[in-house]
Amino acid sequence: MAGDLALLYFAWVREGIGVDGERIARPAAAATVADVIAALAGRGGGYAVLADVTRLRAALDQDFVTMDTQIGDAVELAIFPPVTGGAVGG
Amino acid sequence: MMSLSVQRDDIDVGAELAALEALGGGGVASFTGIVRGDGGLSELLLDHYPGMTERALETIAAQAMARWPLLGLRVVHRVGALAPGERIVFVGTASRHRTAALESCAFLIDWLKTRAPFWKKERFADGRESWVEALPADEAKAEGWEQV
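Protein chains in written order, with the working numbering: chain A, 1 to 90; chain B, 1 to 148.
Hints are supplied without guarantee of correctness; some may be wrong.
To be verified - Cross-link-like lysine to any residue pairs, in silico, SDA-like; alpha carbons within 20 Å at most:
#1 LYS121/B - ARG14/A
#2 LYS121/B - ALA28/A
#3 LYS121/B - ARG55/A
Claimed, not checked - Stretch by stretch, here's where chain A covers chain B in the computed footprint (C-beta under 8 Å, at least three residues):
#4 62–68
#5 92–99
#6 126–134
Think of the hints as simulated: they come from the structure by calculation, not from any bench.
All C-beta atoms, glycine included, are put in the ideal place defined by N, C-alpha and C.
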C-alpha cells in the first residue's frame with residue numbers, strides 16, 4: 001500500500017519478533033533507521049530483540065546503511081544481525 | 001565472464017572449475033567452504049535476504065573484476081539446511097597469471113563473509129541451536145582489502 005514502509009526481519013530478529021516482516025505507517029522522511037527501530041522496540045514482547053541497536057544492522061531498499069541514515073523515500077527497511085556468510089571460520 | 005548463484009542444490013565444483021579453465025587463461029584459483037562438524041554440529045541452516053543477496057554478490061564481483069585483470073569469476077553460495085561435510089560456498093577466478101587469480105579469490109571470500117546478507121544457524125545433536133556470531137577478525141580481513 002502506498003504510504004507504508006515494508007519491514008523485513010532476518011535470523012534471530014525474525015525468530016524473536018515471530019514474523020518475516022510487516023508493514024508500518026510511513027515514518028517522517030527525516031526519521032532515521034535507529035528511530036524506527038527504537039519505536040518498534042518500544043512495543044515490547046518479542047520486539048525486545050531490537051532493544052540493543054549495536055547488535056543490529058540494517059538495509060534500506062537492499063543497500064546496507066548505518067543506523068543514522070534517514071528513511072527518506074525508501075520503501076523497504078530490513079533489520080538483521082551482522083552477516084555471517086561463507087564457511088564457518090573458513 | 002561472471003557467474004553468480006544462490007542455490008539450495010549442491011555445488012558441482014568440477015563443472016565450475018572446468019568453466020573457468022576453458023577461458024584460456026594461465027591460472028585458475030578457487031576456494032571451497034565445507035560445513036565442519038565441530039562440537040557435535042548436526043546441521044547448519046543458511047538464511048538469506050533474497051534479492052539483496054544477488055545484488056550484493058554482483059557488487060562484490062564487479063569490484064573484483066575492476067581490481068584484477070580477470071578472465072572470469074564464479075561464485076556459488078548455498079542456502080537452506082546443510083550437513084557436516086557438505087559444500088557451502090565456492091569462489092573461483094581465472095586470469096592470465098596466478099597472482100591475480102589467487103588474490104582476487106581471497107578478496108572475494110573475505111568480502112562475501114562480511115558484505116553479503118547470509119546468516120548461519122547451528123543445530124547440534126543434543127538439540128541445542130544458536131545463530132553464528134559475526135567475528136571481528138572477519139570484518140578486519142575484509143577491511144584490509146580497502147587499504148591495499
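Taking the hints in turn, this is what the structure says about them:
1. The hinted pair formed by LYS121/B and ARG14/A meets the criterion: a straight-line CA distance of about 13 Å does not exceed 20 Å.
2. Under the criterion of a C-alpha separation no larger than 20 Å, the hint pairing LYS121/B with ALA28/A is inconsistent with the structure, at around 35 Å.
3. Among the hinted pairs, LYS121/B with ARG55/A is consistent with the structure: their alpha-carbon atoms are about 16 Å apart, no more than 20 Å.
4. Requiring three or more residues with a Cβ within less than 8 Å of a Cβ of chain A, the coverage given for the stretch 62–68 of chain B is violated, as only 0 such residues are present.
5. Chain A is given as covering the stretch 92–99 of chain B, and this is violated because 0 residues of the stretch bring a CB closer than 8 Å to a CB of that chain, at least three being needed.
6. Using a Cβ-Cβ cut-off of 8 Å, 4 residues of the stretch 126–134 of chain B lie near chain A, which meets the minimum of three, so the contact claim holds.
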